[in-house]
Amino acid sequence: AQRVTQPEKLLSVFKGAPVELKCNYSYSGSPELFWYVQYSRQRLQLLLRHISRESIKGFTADLNKGETSFHLKKPFAQEEDSAMYYCALNSGNTPLVFGKGTRLSVIA
Amino acid sequence: DTAVSQTPKYLVTQMGNDKSIKCEQNLGHDTMYWYKQDSKKFLKIMFSYNNKELIINETVPNRFSPKSPDKAHLNLHINSLELGDSAVYFCASSLRGGSGYTFGSGTRLTVV
Numbered sequence: 001a002q003r004v005t006q007p008e009k010l011l012s013v014f015k016g017a018p019v020e021l022k023c024n025y026s027y028s029g030s031p032e033l034f035w036y037v038q039y040s041r042q043r044l045q046l047l048l049r050h051i052s053r054e055s056i057k058g059f060t061a062d063l064n065k066g067e068t069s070f071h072l073k074k075p076f077a078q079e080e081d082s083a084m085y086y087c088a089l090n091s092g093n094t095p096l097v098f099g100k101g102t103r104l105s106v107i108a
Numbered sequence: 001d002t003a004v005s006q007t008p009k010y011l012v013t014q015m016g017n018d019k020s021i022k023c024e025q026n027l028g029h030d031t032m033y034w035y036k037q038d039s040k041k042f043l044k045i046m047f048s049y050n051n052k053e054l055i056i057n058e059t060v061p062n063r064f065s066p067k068s069p070d071k072a073h074l075n076l077h078i079n080s081l082e083l084g085d086s087a088v089y090f091c092a093s094s095l096r097g098g099s100g101y102t103f104g105s106g107t108r109l110t111v112v
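Read top to bottom, the protein sequences are chains A and B. The first sequence maps to residues 1 to 108 in the numbering used here. The second sequence maps to residues 1 to 112 in the numbering used here.
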């Protein structure tokens with residue numbers, strides 16, 4: 001069965017500090033992984049997908065199949081990055097499975 | 001133009017009532033979903049549906065039923081509402097087998 005684990009419920013960092021939001025997954029096949037962001041009381045928005053290997057709003061994430069991880073990183077946090085971040089896994093034929101989310105709080 | 005729209009945005013109702021939440025997408029997607037986000041912000045799949053197949057999460061009570069009049073709509077009907085049903089419900093859509101989900105803005109349901 002697919003599983004996505006985000007070990008941190010809350011991550012607080014100072015503005016300008018580096019950020020790393022952790023995500024580990026469990027899936028026997030070839031996964032497709034995503035990061036979604038939810039700003040306060042808004043809809044979920046796609047932030048990154050691993051296949052596109054792009055950087056959005058300064059965030060990057062690399063799929064590490066050996067460690068079954070897809071950590072989200074940003075070198076310098078900004079206050080507007082404060083939000084809920086969800087890691088998600090797509091196995092193709094079943095709906096997207098989400099981790100429990102990490103609330104990022106960037107302190108001025 | 002809103003790609004995935006849900007109505008109502010807020011719904012406050014009494015225990016025991018029956019209510020529906022509507023969802024419409026104009027993206028030409030063939031698969032739609034309902035997710036529940038609880039008070040701890042956990043997101044859990046409730047249903048996925050395309051014109052051929054309904055997949056139900058087995059943990060969803062049968063008081064919840066999806067209704068799809070056509071490919072662009074997937075409504076959520078809830079019977080005999082309970083306090084524990086209070087949550088934010090998100091509709092989403094995608095192409096079957098495709099990976100990009102587009103979410104609606106959510107319906108905040110409060111059962112009193």
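Wrong hints could be hidden among the right ones.
[What the hints assert, rightly or not] Between beta-carbon pairs, the in silico distance windows are:
id, chain 1, residue 1, chain 2, residue 2, range
1, A, T60, B, V12, 19 to 27 Å
2, A, R53, B, N62, 16 to 24 Å
3, A, E80, B, S39, 37 to 45 Å
4, B, M15, A, R53, 46 to 54 Å
5, A, A1, B, L54, 39 to 47 Å
6, B, S68, A, R103, 29 to 37 Å
7, B, S80, A, S12, 36 to 44 Å
8, A, Q45, B, A72, 15 to 23 Å
[Said to hold, decoys possible] Covered by chain B, according to a simulated footprint, are these stretches of chain A (three or more residues, beta-carbon under 8 Å):
id, segment
9, 44–52
10, 92–99
[What the hints assert, rightly or not] Capping the alpha-carbon separation at 27 Å, the derived lysine-lysine pairs in DSSO-like fashion look like this:
id, chain 1, residue 1, chain 2, residue 2
11, B, K19, A, K22
12, A, K15, A, K73
13, B, K40, B, K71
14, A, K65, B, K19
15, B, K52, A, K22
I should point out that these hints are in silico values taken from the structure, not numbers from a laboratory. Since the model is a prediction, treat every value here as computed from it, not as a measurement. For glycine and all other residues, C-beta sits at the position ideal for the given N, C-alpha and C.
Each hint tested on the structure:
1. As the Cβ distance of T60 of chain A to V12 of chain B is approximately 41 Å, the hint placing it in 19 to 27 Å is violated.
2. A hinted range of 16 to 24 Å for the beta carbons of R53 of chain A and N62 of chain B is inconsistent with their spacing of about 43 Å.
3. A hinted range of 37 to 45 Å is violated for the C-beta pair E80 of chain A and S39 of chain B, which are about 25 Å apart.
4. At roughly 49 Å, the beta-carbon separation of M15 of chain B and R53 of chain A lies within the given 46 to 54 Å, and the hint holds.
5. Look at A1 of chain A against L54 of chain B: about 20 Å separates their beta carbons, and that is not inside 39 to 47 Å.
6. Between S68 of chain B and R103 of chain A the CB atoms are about 34 Å apart, so this pair conforms to the stated range of 29 to 37 Å.
7. At about 41 Å, the CB distance of S80 of chain B to S12 of chain A agrees with the hint of 36 to 44 Å.
8. For Q45 of chain A and A72 of chain B, the Cβ-Cβ distance of about 21 Å falls inside the hinted range of 15 to 23 Å, so the restraint holds.
9. For a cut-off of 8 Å, the count of residues in the segment 44–52 of chain A with a CB near a CB of chain B stands at 5, and the three-residue condition holds.
10. Evaluation of the coverage hint for the segment 92–99 of chain A: fulfilled, as 7 residues show C-beta separations to chain B shorter than 8 Å, against a requirement of three.
11. Proposed proximity of K19 of chain B and K22 of chain A is contradicted: the alpha carbons are some 38 Å apart, above 27 Å.
12. A distance of roughly 14 Å separates the Cα atoms of K15 of chain A and K73 of chain A; the hinted pair therefore holds under the 27 Å criterion.
13. Simply put, K40 of chain B and K71 of chain B have alpha-carbon atoms about 32 Å apart, too far for the 27 Å limit, and the pair is violated.
14. For the proposed pair K65 of chain A and K19 of chain B, the alpha carbon gap of about 44 Å is over 27 Å, so the pair is violated.
15. A distance of roughly 37 Å separates the Cα atoms of K52 of chain B and K22 of chain A; the hinted pair therefore is violated under the 27 Å criterion.
Consistency with the previously given hints fails for numbers 1, 2, 3, 5, 11, 13, 14, 15, ordered from lowest to highest.
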